[in-house]
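Colleague: One letter stands for each residue in the lines below.
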Amino acid sequence: MTKDDMTPILSVDRVTRRFGDLVACRDVSFSLQAGEVLGIVGESGSGKTTLLRVLSGTLAPQAGEVRYALRDRGPFDLYRGLSEPERRWLQRTEWGVVHQNPRDGLRMGISAGGNIGERLMAVGARHYGEVRGAAGDWMAKVELDLGRIDDSPAEFSGGMQQRLQFARNLVIQPRLVFMDEPTGGLDVSVQARLLDLIRGLTRELGVSAILVTHDLAVARLLADRLIVMKDGRVVEEGLTDQVLDDPTHPYSQLLVSSVLQA
Amino acid sequence: MYVAVKGGEQAIENSHRLIAAERRGDPAVPELDVRQIREQMRHAVARVMAEGSLYDPDLAALAIKQAQGDLVEAIFLVRAYRTTLRRFAVSRPIDSARMAIGRRISATFKDLPGGQVLGGTYDYTHRLLDHELAGDGAGEAVAAEAAAPLDPEMPRVSDILDAQGLLEAEMPDDESDPVADLTRDPLRLPGRRDQRLQNLARADEGFLLALGYSTQRGYGRTHPFAGEIRQGTVAVEIEAPELGFAIDIGDIEVTECELVNQFKGSTEQPPQFTRGYGLAFGRAERKAMAMALVDRSLRAAELGEETGHPAQDEEFVLSHSDNVEASGFVQHLKLPHYIDFQSELHLVRRLRADFDARRTGTDREAAE
Amino acid sequence: MTLVMETERTAPDETYNFAYLDEETKRMIRRAILKAMAVPGYQVPFGGREMPLPYGWGTGGIQVTAAVIGPDDVLKVIDQGADDTTNAVSIRRFFRRVTGVATTGRTVEATIVQTRHRIPESALREGQILVYQVPIPEPLRRIEPREAETRKLHAYREYGLMHVRLYEDIARFGRIATSYDYPVMVNERYLMAPSPTPKFDNPKMTAAPFLQLFGAGREKRIYAVPPYTTVTSLDFDDHPFDVQSWDEVCALCGAADSFLDEVVLDDAGKRMFVCSDTDYCEDRRAAGHVGPEGADEADAPAGKKP
Chain A
1 MTKDDMTPIL
11 SVDRVTRRFG
21 DLVACRDVSF
31 SLQAGEVLGI
41 VGESGSGKTT
51 LLRVLSGTLA
61 PQAGEVRYAL
71 RDRGPFDLYR
81 GLSEPERRWL
91 QRTEWGVVHQ
101 NPRDGLRMGI
111 SAGGNIGERL
121 MAVGARHYGE
131 VRGAAGDWMA
141 KVELDLGRID
151 DSPAEFSGGM
161 QQRLQFARNL
171 VIQPRLVFMD
181 EPTGGLDVSV
191 QARLLDLIRG
201 LTRELGVSAI
211 LVTHDLAVAR
221 LLADRLIVMK
231 DGRVVEEGLT
241 DQVLDDPTHP
251 YSQLLVSSVL
261 QA
Chain B
1 MYVAVKGGEQ
11 AIENSHRLIA
21 AERRGDPAVP
31 ELDVRQIREQ
41 MRHAVARVMA
51 EGSLYDPDLA
61 ALAIKQAQGD
71 LVEAIFLVRA
81 YRTTLRRFAV
91 SRPIDSARMA
101 IGRRISATFK
111 DLPGGQVLGG
121 TYDYTHRLLD
131 HELAGDGAGE
141 AVAAEAAAPL
151 DPEMPRVSDI
161 LDAQGLLEAE
171 MPDDESDPVA
181 DLTRDPLRLP
191 GRRDQRLQNL
201 ARADEGFLLA
211 LGYSTQRGYG
221 RTHPFAGEIR
231 QGTVAVEIEA
241 PELGFAIDIG
251 DIEVTECELV
261 NQFKGSTEQP
271 PQFTRGYGLA
281 FGRAERKAMA
291 MALVDRSLRA
301 AELGEETGHP
311 AQDEEFVLSH
321 SDNVEASGFV
331 QHLKLPHYID
341 FQSELHLVRR
351 LRADFDARRT
361 GTDREAAE
Chain C
1 MTLVMETERT
11 APDETYNFAY
21 LDEETKRMIR
31 RAILKAMAVP
41 GYQVPFGGRE
51 MPLPYGWGTG
61 GIQVTAAVIG
71 PDDVLKVIDQ
81 GADDTTNAVS
91 IRRFFRRVTG
101 VATTGRTVEA
111 TIVQTRHRIP
121 ESALREGQIL
131 VYQVPIPEPL
141 RRIEPREAET
151 RKLHAYREYG
161 LMHVRLYEDI
171 ARFGRIATSY
181 DYPVMVNERY
191 LMAPSPTPKF
201 DNPKMTAAPF
211 LQLFGAGREK
221 RIYAVPPYTT
231 VTSLDFDDHP
241 FDVQSWDEVC
251 ALCGAADSFL
261 DEVVLDDAGK
271 RMFVCSDTDY
281 CEDRRAAGHV
291 GPEGADEADA
301 PAGKKP
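One line per chain: the protein sequences are A, B and C, in this order. Numbers 1 to 262, taken from the working numbering, label the letters of the first sequence in order. Numbers 1 to 368, taken from the working numbering, label the letters of the second sequence in order. Numbers 1 to 306, taken from the working numbering, label the letters of the third sequence in order.
Restricting the straight-line Cα-Cα distance to at most 20 Å, the calculated cross-link-like pairs of lysine to any residue (SDA-like) are:
#1 152/C with 58/A
#2 334/B with 262/C
#3 204/C with 243/C
#4 152/C with 188/B
#5 152/C with 87/A
#6 152/C with 88/A
Residues on chain C that point at chain B, a partial pick, calculated with CB under 8 Å:
#7 84
#8 85
#9 89
#10 135
#11 220
#12 261
Worth flagging that the hints you see were computed from the coordinates, not collected in a lab. For every residue, glycine included, the Cβ atom is placed at its ideal position computed from N, Cα and C.
Construct all of the structure, not just a fragment, from the sequences and the given hints.
Modeller: Below is the structure:
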């Protein structure tokens with residue numbers, strides 16, 4: 001699956017981010033290959049979400065660097081190598097972010113079709129029929145009823161909102177998607193179908209992804225590789241099956257065993 | 001036969017004459033003297049000076065008279081007049097530590113150098129209407145004389161705490177940079193504290209009061225203590241370049257409030273108290289206290305505190321605090337909007353036609 | 001017959017500086033105007049002063065006019081297209097008092113036209129200045145309330161959200177449902193609010209020979225469209241911009257090409273349509289055009305209802 005001969009799409013080097021006297025992440029380093037799905041697991045408060053914000057260009061670290069390989073220009077330091085408009089352009093054209101709470105990732109005052117179409121219009125689409133057509137195609141791909149294209153996402157169930165969030169992110173054919181607990185807060189049965197869908201779509205599009213989750217079952221299903229975080233540090237890193245079936249760090253062992261008991 | 005309505009010019013003329021007569025009221029009742037307003041409606045005068053950004057009790061009193069006591073209208077009059085004035089000089093910062101005290105209280109220390117000075121206040125009056133004031137028979141009011149003069153040493157509570165390192169140091173911003181001036185430059189967002197304090201000093205008292213109150217009820221708690229409230233007169237000095245020293249150009253009365261707020265500290269800073277600052281012309285304790293609450297509340301982000309409440313949102317607070325702006329814009333809805341309304345009417349009719357066409361299944365083109 | 005808005009040049013009120021503002025302030029505003037002309041459609045922050053008229057009632061337009069007006073200018077002030085609406089009267093009186101300039105109701109005679117909510121029907125010519133009063137200068141404000149964010153959206157030219165609004169209109173109503181203050185792109189760079197003029201007037205803005213200045217007093221912004229600058233109304237390729245049209249013609253002058261005001265005649269729904277631009281209507285009637293209700297009305301309308 002990994003392509004060793006290529007430069008990583010994202011490489012993270014000794015990233016540290018503090019809030020006051022709290023160190024949310026400390027000396028975090030790893031890299032992500034094109035087409036790979038990397039899971040970041042750990043308990044709440046382990047620094048996963050802060051790390052995700054640093055990686056996705058919304059929170060500058062105090063130390064270390066995050067390098068992203070742009071489609072045409074190769075690797076750049078996200079914060080020191082790119083200006084704010086370049087970073088925002090990148091976020092619009094090459095990236096997607098799926099939030100745990102769909103309210104953070106959708107515009108509730110705009111129709112489902114408008115939510116998907118916004119991403120296309122943000123990069124210059126000016127033909128109503130084409131925008132609407134693409135929005136419809138993506139409604140179908142995420143298994144949403146096309147008849148609800150003009151409804152507000154506020155009227156959707158949690159699972160449907162999350163599907164819509166995926167459609168909104170994938171419509172621009174991103175190279176990298178960040179997901180923060182994408183199935184958190186959903187019923188188990190709804191979760192399972194959504195996970196299948198996510199797995200199918202990420203594979204089909206060959207998109208790279210970073211997935212933050214506390215749910216090891218989600219990690220096992222979606223991630224090729226895992227890093228385990230505790231108190232802001234990476235304590236273990238490896239292939240998903242290897243980390244979950246044969247954890248070496250005592251904290252990973254605890255994490256895996258507590259899930260088994262639960 | 002239809003003729004378009006004309007005659008706005010004459011209508012305006014007549015309206016001005018009518019409002020002038022209404023202002024005067026019953027001619028059998030003596031005309032108000034501006035000096036009476038200045039002397040006997042001091043709180044109204046103070047508010048007009050503070051929010052009008054012009055320290056001139058006589059003009060403020062005149063504005064109150066002209067506006068029939070509508071203080072926001074009076075503030076507007078003073079502001080518009082202020083535009084026509086030349087700026088001769090910029091004063092040095094006033095020094096409230098050298099204030100000739102009229103009142104000085106602290107809620108944080110029972111006693112302190114200089115003592116508590118209650119001064120004149122309604123705080124402990126019982127709010128019972130005084131019917132003696134209704135007639136002409138109100139007796140001469142004579143203030144009691146103090147047995148001894150006030151202590152000339154009246155250090156500010158904040159300076160006392162500051163000296164012990166318990167209160168954050170108040171460091172001036174880059175002094176080579178001129179102080180923000182909203183009467184000359186547009187509001188910049190995000191902005192510095194100098195701009196914010198000027199905005200709050202000119203802000204509508206009611207707006208600040210409600211925002212300050214909201215923080216006490218849990219919408220962005222700041223754990224305040226009234227470190228000190230002092231009111232009195234301070235000297236205004238200007239530097240005269242040709243003289244090489246500052247000269248005193250007169251005294252103004254101000255009310256100052258310094259709040260002391262809890263702060264738990266961070267990696268860079270030990271736990272210590274933080275400040276909220278309020279200052280207003282004249283006797284304006286409610287305004288100064290509300291201002292200090294809001295000032296501290298607006299520092300939430302800077303101090304790394306939880307944010308998200310209205311009183312913590314700099315852009316929200318500073319953009320909506322000015323009552324001359326707010327009053328004008330709210331009331332501009334009175335102006336004709338025939339054209340916009342006609343456009344909307346036109347649109348609604350077309351949308352209804354579209355709707356009916358869809359309903360009846362007739363050809364949509366026909367409805368266009 | 002002379003209408004009240006037609007006055008000769010007189011001596012200004014000596015209590016105030018010419019045009020109320022001091023010379024230094026006028027220079028500051030002129031600098032902002034020059035900057036606005038150099039960057040068409042960009043909102044230039046300026047040190048707006050407090051005027052003796054209320055915010056929201058034209059203080060931005062008044063300051064712009066005060067900064068560019070000279071003793072030889074001839075001023076026309078309209079509100080809703082008419083010279084005799086109360087606020088237009090009030091602003092004209094203000095300038096008469098503080099500048100003593102000649103005023104006119106005739107668009108062709110004016111050197112400066114200050115307007116609220118309309119662009120005159122007859123095209124202005126080179127050398128004339130149209131000053132717009134602007135309540136909310138920020139076209140993005142209705143989708144993003146924060147100034148710090150909208151400034152970035154302009155700087156980075158991120159205008160996709162405006163099209164989302166248009167998309168929503170078409171999805172819901174089958175057509176773009178914005179009828180006034182219809183957003184435009186200026187010089188293919190800056191998104192601009194044309195002020196609450198009807199979209200009917202948008203086509204008059206592009207490649208116009210006259211100078212267009214926009215003043216927002218409360219928000220302290222000035223922007224401009226210099227002569228012969230491209231102004232494009234936002235739309236979709238398959239839903240092009242269009243303007244209002246009426247089935248009726250002006251009842252007084254018979255014009256079929258002007259923006260019509262609807263006048264309610266009784267409580268049974270009887271109504272008639274007349275030109276909102278009173279000068280245009282009077283010109284047409286003077287030239288002999290007659291509408292369905294205008295037969296006996298050869299004279300310009302007088303100051304009384306019948």
